[in-house]
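Colleague: Model the full structure from these sequences, guided by the hints.
Just so you know, this note's numbering puts 73 at position 37 of the sequence shown, and the rest follows in order with no gaps.
No lab work stands behind these hints: they were computed from the structure. Quick reminder that beta carbons are idealized off the backbone N, C-alpha and C, glycines included. Some hints here could point you the wrong way.
[Stated by the list, open to error] Computed spacing ranges between beta-carbons, pair by pair:
| hint | residue 1 | residue 2 | range |
| --- | --- | --- | --- |
| 1 | Arg72 | Leu99 | 17 to 23 Å |
| 2 | Ala39 | Arg115 | 24 to 30 Å |
| 3 | Glu80 | Asp43 | 36 to 42 Å |
| 4 | Leu52 | Ala93 | 25 to 31 Å |
| 5 | Lys57 | Ile79 | 20 to 26 Å |
| 6 | Trp85 | Leu53 | 18 to 24 Å |
| 7 | Glu56 | Glu80 | 30 to 36 Å |
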Amino acid sequence: MIADHLDWAHVNDHALLLQEKVDAYLAFIESGDLRRRPEVAQIESPEVWIWVRGLHAPPPEALAFLARTEAFLAKAGVRFRFEHCTSDQLVPGA
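Modeller: If you want it as C-alpha coordinates, here you go:
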(Lines of atoms letter the chains of each structure in order from A and count residues from 1; the text may use other names and numbers.)
(Lines give C-alpha, C1' and ligand atoms only; values in the text may rest on other atoms or scores of the structure.)
Protein backbone atom coordinates (compact mmCIF):
# COMPACT_ATOMS: atom_id res chain seq x y z
CA MET A 1 0.00 0.00 0.00
CA ILE A 2 1.27 3.41 -0.96
CA ALA A 3 0.13 6.29 1.24
CA ASP A 4 -0.10 9.36 -1.00
CA HIS A 5 -0.38 12.60 0.95
CA LEU A 6 0.45 14.95 -1.95
CA ASP A 7 -2.09 17.24 -3.54
CA TRP A 8 -2.56 17.29 -7.31
CA ALA A 9 -1.76 21.00 -7.82
CA HIS A 10 1.07 19.97 -10.17
CA VAL A 11 -0.39 16.93 -11.88
CA ASN A 12 2.69 15.98 -13.91
CA ASP A 13 5.03 16.22 -10.92
CA HIS A 14 2.66 14.22 -8.74
CA ALA A 15 2.21 11.57 -11.44
CA LEU A 16 5.99 11.25 -11.84
CA LEU A 17 6.52 10.76 -8.10
CA LEU A 18 3.71 8.23 -7.95
CA GLN A 19 5.11 6.44 -11.00
CA GLU A 20 8.51 6.14 -9.28
CA LYS A 21 6.87 4.56 -6.21
CA VAL A 22 4.80 2.16 -8.32
CA ASP A 23 7.92 1.22 -10.31
CA ALA A 24 9.77 0.44 -7.06
CA TYR A 25 6.91 -1.78 -5.87
CA LEU A 26 6.79 -3.52 -9.26
CA ALA A 27 10.55 -4.12 -9.18
CA PHE A 28 10.16 -5.74 -5.74
CA ILE A 29 7.40 -7.98 -7.09
CA GLU A 30 9.19 -8.92 -10.31
CA SER A 31 12.49 -9.60 -8.53
CA GLY A 32 10.83 -12.45 -6.63
CA ASP A 33 11.43 -10.76 -3.28
CA LEU A 34 7.70 -10.59 -2.57
CA ARG A 35 7.29 -14.29 -3.32
CA ARG A 36 10.09 -15.13 -0.85
CA ARG A 37 8.31 -13.44 2.07
CA PRO A 38 7.05 -16.23 4.38
CA GLU A 39 3.50 -14.88 4.55
CA VAL A 40 3.31 -14.90 0.74
CA ALA A 41 5.36 -18.02 -0.01
CA GLN A 42 2.74 -20.23 1.58
CA ILE A 43 0.04 -19.01 -0.85
CA GLU A 44 -0.04 -21.02 -4.06
CA SER A 45 -1.27 -18.24 -6.38
CA PRO A 46 -1.32 -14.95 -4.50
CA GLU A 47 -3.30 -12.07 -5.96
CA VAL A 48 -0.90 -9.13 -6.05
CA TRP A 49 -2.12 -5.56 -5.74
CA ILE A 50 -0.52 -2.15 -5.69
CA TRP A 51 -2.99 -0.06 -3.76
CA VAL A 52 -2.61 3.71 -3.47
CA ARG A 53 -4.54 5.53 -0.78
CA GLY A 54 -4.57 9.23 -1.63
CA LEU A 55 -5.39 12.07 0.69
CA HIS A 56 -6.48 14.19 -2.29
CA ALA A 57 -8.85 13.13 -5.04
CA PRO A 58 -7.17 13.06 -8.44
CA PRO A 59 -8.41 15.73 -10.85
CA PRO A 60 -9.81 14.70 -14.24
CA GLU A 61 -6.45 15.29 -15.94
CA ALA A 62 -4.82 12.66 -13.65
CA LEU A 63 -7.36 9.95 -14.43
CA ALA A 64 -5.69 9.01 -17.73
CA PHE A 65 -2.39 8.48 -15.91
CA LEU A 66 -4.09 6.25 -13.33
CA ALA A 67 -5.84 4.26 -16.09
CA ARG A 68 -2.53 3.76 -17.95
CA THR A 69 -0.91 2.64 -14.70
CA GLU A 70 -3.68 0.13 -14.12
CA ALA A 71 -3.41 -1.23 -17.68
CA PHE A 72 0.39 -1.47 -17.52
CA LEU A 73 0.34 -3.31 -14.20
CA ALA A 74 -2.38 -5.66 -15.42
CA LYS A 75 -0.02 -6.83 -18.17
CA ALA A 76 2.45 -7.73 -15.42
CA GLY A 77 -0.25 -9.62 -13.52
CA VAL A 78 -0.57 -6.97 -10.82
CA ARG A 79 -3.85 -5.32 -9.90
CA PHE A 80 -3.97 -1.59 -9.19
CA ARG A 81 -6.29 0.61 -7.19
CA PHE A 82 -6.30 4.30 -6.29
CA GLU A 83 -8.56 5.16 -3.40
CA HIS A 84 -9.27 8.67 -2.16
CA CYS A 85 -9.54 8.68 1.63
CA THR A 86 -9.48 10.96 4.64
CA SER A 87 -6.33 11.59 6.65
CA ASP A 88 -7.38 9.17 9.40
CA GLN A 89 -7.82 6.44 6.76
CA LEU A 90 -4.60 7.13 4.87
CA VAL A 91 -2.53 4.52 6.70
CA PRO A 92 -4.60 1.62 8.09
CA GLY A 93 -3.85 0.88 11.72
CA ALA A 94 -1.91 4.11 12.24
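Colleague: Now, for every hint given, state plainly whether the structure supports it.
Modeller: Evaluated hints:
1. Arg72 - Leu99: 17 to 23 Å: Violated - the Cβ-Cβ distance for Arg72 and Leu99, about 35 Å, lies outside 17 to 23 Å.
2. Ala39 - Arg115: 24 to 30 Å: Violated, at about 18 Å.
3. Glu80 - Asp43: 36 to 42 Å: 41 Å, holds
4. Leu52 - Ala93: 25 to 31 Å: 19 Å, violated
5. Lys57 - Ile79: 20 to 26 Å: 24 Å, holds
6. Trp85 - Leu53: 18 to 24 Å: 20 Å, holds
7. Glu56 - Glu80: 30 to 36 Å: Given a distance of about 32 Å, which is inside 30 to 36 Å, the answer is holds.
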